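Q: What follows is the residue order along each chain.
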Amino acid sequence: EAQVTQNPRYLITVTGKKLTVTCSQNMNHEYMSWYRQDPGLGLRQIYYSMNVEVTDKGDVPEGYKVSRKEKRNFPLILESPSPNQTSLYFCASSPSARPYEQYFGPGTRLTVT
Amino acid sequence: GEDVEQSLFLSVREGDSSVINCTYTDSSSTYLYWYKQEPGAGLQLLTYIFSNMDMKQDQRLTVLLNKKDKHLSLRIADTQTGDSAIYFCAESWGRSGGYQKVTFGIGTKLQVIP
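Quick mapping for you: the protein sequence lines, in order, are chains A and B. Residues 1 to 113, numbered by the working numbering, are exactly what the first sequence covers, in order. Residues 1001 to 1114, numbered by the working numbering, are exactly what the second sequence covers, in order.
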């Protein structure tokens, strides 16, 4: 089944404890993105990747890191999480840029205390 | 900067038509999209329209684009309870290297009353 998977789905952590949210797609898509969804703000892009080893900042990259060592995987790293990073995170992948038809993962709900 | 605006809430009766509206500000948008988010799930692409089109129909869904007013609408015919969800409007436009920048609206929650 073609899909985008994220792990973990739920995570409660404490301020400053490094964490990684994994994202994997099995559709051989070149483009991948990370978003955060907050009430009243919709989805905001954190980072995106156009291919292996090609990544760039989105609208809200502060406090996050990403890597794209393999085409299928695009992990999101929070080196020192803070409470303002409590949010619902989505990974997405797309086969092309025009149109940018994104396939979304199920989401990761992160709480930082 | 780029902005996409939607109303927050819409309530319709089962069997009626739903119309969800969206306005956008970027005149260079190349594609406009409608996504659906059901509770506890990620976003699902419903349909998209290229910016040189006025209308696109796909089964119960009709998308209308008014480029002059920068207004996009999604009409759902014969709305069913399974259509209850949050609907996101999004626009994309080209960046250097061919990548498409995407901006999402905050989402319209559609409630279908049986």
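Check before you lean on any hint, since a few could be wrong.
Anything over 12 Å on all C-beta distances counts as not near chain A; from chain B, calculated [claimed, not checked]:
| id | residue |
| --- | --- |
| 1 | R1013 |
| 2 | N1021 |
| 3 | G1042 |
| 4 | S1073 |
| 5 | A1077 |
| 6 | Q1080 |
| 7 | T1081 |
| 8 | D1083 |
| 9 | I1086 |
| 10 | Q1100 |
| 11 | V1112 |
| 12 | I1113 |
With the C-beta cut set under 10 Å, the calculated list includes, among others, these residues of chain B facing chain A [claimed, not checked]:
| id | residue |
| --- | --- |
| 13 | F1009 |
| 14 | N1052 |
| 15 | A1090 |
| 16 | P1114 |
Simulated from the structure, these hints should not be mistaken for laboratory data. Keep in mind it's a predicted model, so treat the numbers as computed, not measured. Even glycine gets a Cβ: it sits at the ideal position worked out from N, Cα and C.
Q: Can you give the numbers of the hints that this structure goes against, from lowest to highest?
A: 3, 9, 10, 13, 14 and 16
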